[in-house]
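Colleague: Please model the complete structure; the sequences and the hints are all you need to start from.
Okay, here's what each chain looks like letter by letter:
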Amino acid sequence: MAPLVAGGKVLVGNAGGEFGVRGWLAALDAGSGRLAWKAYNTGPDKDVLIGQAFRPFYPMDRGKDLGIHSWPPEQWKIGGGTVWGWISFDPASNTIFYGTGNPGPWNHEQRPGDNKWTAGVFARNVSTGEAKWFYQTSPHDLYDHDDINEQILLDMPVAGRMRLVLIRPGRNGYLYVLDRQTGQVLSADPFGYINSSRGVNLRSGRLIPVKEKEPQAGRVVRNICPTASGAKDWNPSAFSPRTGLIYIPHINLCMDLGVLEANYVVGTPYLGAESKVYAGPGGYRGVLTAWDPVARKPAWEVHEDLPLWSGALATAGDLVFYGTMDGWFKAVDARSGKLRWRAKVDSGIISQPVAYRGADGREYVAVISGVGGWAGALVSAQLDPRDNSAALGFVNAVRDLPNKTKSGGRLFVFALDG
Amino acid sequence: MRLPKGRTGCLSHPPLSPPCIQGGRLACALFLCLGLTACDREQRSLNGQPKAETIALANDPRDLSYQENSYQLSQGQRLYKWMNCSGCHANGGGGMGPPLMDDEWRYGGRMEDIVRTILHGRPNGMPRFEGKITEQEAWQIASYVRSLSAQQGQDVLSARPDSMSASEPPTLAERGKVLPENNLTGPKDEQN
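Keeping their order, the protein sequence lines are chains S and B.
Using numbering that gives the first Met the number 0, you'd call the opening residue of the first sequence number 0 and step up by one each time.
Using numbering that gives the first Met the number 0, you'd call the opening residue of the second sequence number 0 and step up by one each time.
For the record, the hints were derived by calculation from the structure and aren't laboratory data.
Errors might be hidden in some of the hints.
[Claimed, not checked] Calculated lysine-lysine pairs in the DSS-like style (CA-CA distance at most 27 Å, straight line):
no.: 1; chain 1: S; residue 1: 343; chain 2: S; residue 2: 405
no.: 2; chain 1: S; residue 1: 212; chain 2: B; residue 2: 80
no.: 3; chain 1: B; residue 1: 80; chain 2: S; residue 2: 76
no.: 4; chain 1: S; residue 1: 76; chain 2: S; residue 2: 63
no.: 5; chain 1: S; residue 1: 63; chain 2: S; residue 2: 45
no.: 6; chain 1: S; residue 1: 403; chain 2: S; residue 2: 337
no.: 7; chain 1: S; residue 1: 45; chain 2: S; residue 2: 76
no.: 8; chain 1: B; residue 1: 131; chain 2: S; residue 2: 76
no.: 9; chain 1: S; residue 1: 337; chain 2: S; residue 2: 296
Modeller: Written out as structure tokens, the structure reads:
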């Protein structure tokens with residue numbers, strides 16, 4: 000992850016949720032580099048920096064040492080819950096917000112319990128690291144639904160009242176609007192196709208799973224939507240204060256999932272699962288959704304053939320930029336979604352565009368090309384598509400990718416005035 | 000012992016001494032190696048491309064008892080899952096690790112090369128399994144690994160693969176080219 004500097008601290012976490020690690024977030028003093036605090040996401044309260052100030056909204060997150068008791072004995076030590084995504088900082092309350100990764104192994108039968116504090120979001124005091132609240136989006140996660148996606152901090156009307164909210168388009172397919180002072184879920188609406196859960200119970204805060212889609216050892220569960228990569232993965236959305244819309248780049252995929260017993264062997268993957276991924280209903284694999292958070296529904300959608308694996312950028316000129324895995328860098332109208340401009344680059348785009356004013360006073364938009372990652376490993380790592388479980392099944396969903404792009408890695412800068 | 004490619008310039012330096020001419024090939028090779036290490040500084044390529052091992056040996060006699068042997072291959076298939084090989088290499092197509100079903104072998108594709116890779120590990124992520132499995136088990140896994148690229152007879156393969164039934168059983172699958180020319184356009188599996 001890219002570190003975030005906030006409140007005089009450099010914040011950085013670990014990755015490796017597929018290798019039986021124990022997740023943490025550390026804060027280094029920005030001036031000296033010395034460790035200021037380190038908060039684990041599993042284990043005893045003192046390691047998680049849970050103390051007197053911890054006030055989770057829902058009863059499911061209250062109790063002593065849940066980071067131990069919501070796991071089978073000793074399992075928390077290799078239980079994942081990494082921090083490899085985005086951190087948001089609210090200077091007014093001196094609070095950081097970040098999500099925790101999936102519990103390990105993927106085979107959920109080996110870890111009965113809620114598996115705290117994985118697959119949820121923490122609010123912490125940036126100076127001390129003390130936890131303020133936690134909300135678990137996927138208690139006892141079944142599908143590798145890391146909760147590391149971005150959180151957008153907005154002050155907006157909810158049911159006619161201005162609220163300080165935190166918005167998260169989650170891996171599990173729901174767009175969560177949380178009260179960022181308390182961790183209460185104000186709404187959770189699907190922004191993609193979901194058949195593995197029925198919604199979020201706003202009274203208990205719990206996700207309502209669909210029993211038939213629960214993975215079981217000894218059989219393969221077919222047609223689970225969304226996939227392990229989620230209705231949306233790590234690639235961040237953009238918010239435009241001019242339109243009031245959130246532009247969510249995401250994917251429309253489903254999967255077959257089989258689980259088997261995973262052995263913990265140091266230095267090797269700790270998974271216990273195989274999957275095969277394919278396009279969801281409609282056949283398109285990527286979507287750009289412009290979401291209206293006040294009306295709680297999409298304003299418009301753009302469908303993309305390939306999975307949409309780049310970040311989005313909203314500009315003051317009412318354009319939304321994003322890239323596709325076959326190498327188109329696009330600008331669409333922020334109000335209608337209509338394509339305004341596009342340019343083909345040498346390789347697929349899975350990076351995040353930025354806009355800036357250069358020293359010469361001109362405005363520029365920059366993006367890095369170079370297909371890869373989980374979605375593009377077929378091309379960048381030259382995997383073999385004859386095995387439809389390659390790259391944890393993702394290769395099966397993008398078999399056509401080698402015909403549409405090649406590996407690369409270049410920075411493209413476009414001047415707005417040509 | 001690893002002899003990087005592109006060292007022919009050095010090979011011409013050390014004159015062949017009488018013991019080398021008189022001795023067997025092995026002694027000669029040893030002498031050349033010593034000469035090599037002494038004759039110039041170590042050169043390492045910075046491009047990160049691993050170099051294949053070039054030392055030539057006769058096939059290990061154990062090959063015969065592990066290849067074309069259904070029992071050993073089945074044990075290997077089970078261990079491949081148990082030791083989490085599939086977490087990185089999937090069922091041959093790769094993922095975090097390179098594919099094993101194509102015709103590209105960075106460190107050699109013979110049984111003894113694969114066994115060495117398994118037991119001692121390789122740079123950039125392949126862990127060392129020595130001490131975690133026995134040598135015999137490493138040979139069994141190697142036997143299964145070679146079957147992924149169709150280098151074992153069809154009659155030896157397990158009729159029931161341990162992988163998720165997302166693929167056709169290998170016994171029913173059409174046998175493709177033993178060494179596909181382009182691993183990205185191999186025989187198509189038309190399921191989804």
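Colleague: Now look at each hint and say whether the structure bears it out.
Modeller: Verification of the hints:
| no. | hint | verdict |
| --- | --- | --- |
| 1 | 343(S) / 405(S) | holds (13 Å) |
| 2 | 212(S) / 80(B) | holds (24 Å) |
| 3 | 80(B) / 76(S) | holds (23 Å) |
| 4 | 76(S) / 63(S) | holds (17 Å) |
| 5 | 63(S) / 45(S) | holds (10 Å) |
| 6 | 403(S) / 337(S) | holds (23 Å) |
| 7 | 45(S) / 76(S) | holds (14 Å) |
| 8 | 131(B) / 76(S) | holds (21 Å) |
| 9 | 337(S) / 296(S) | holds (19 Å) |
Violated hints for the displayed structure: none, as all numbered hints are satisfied.
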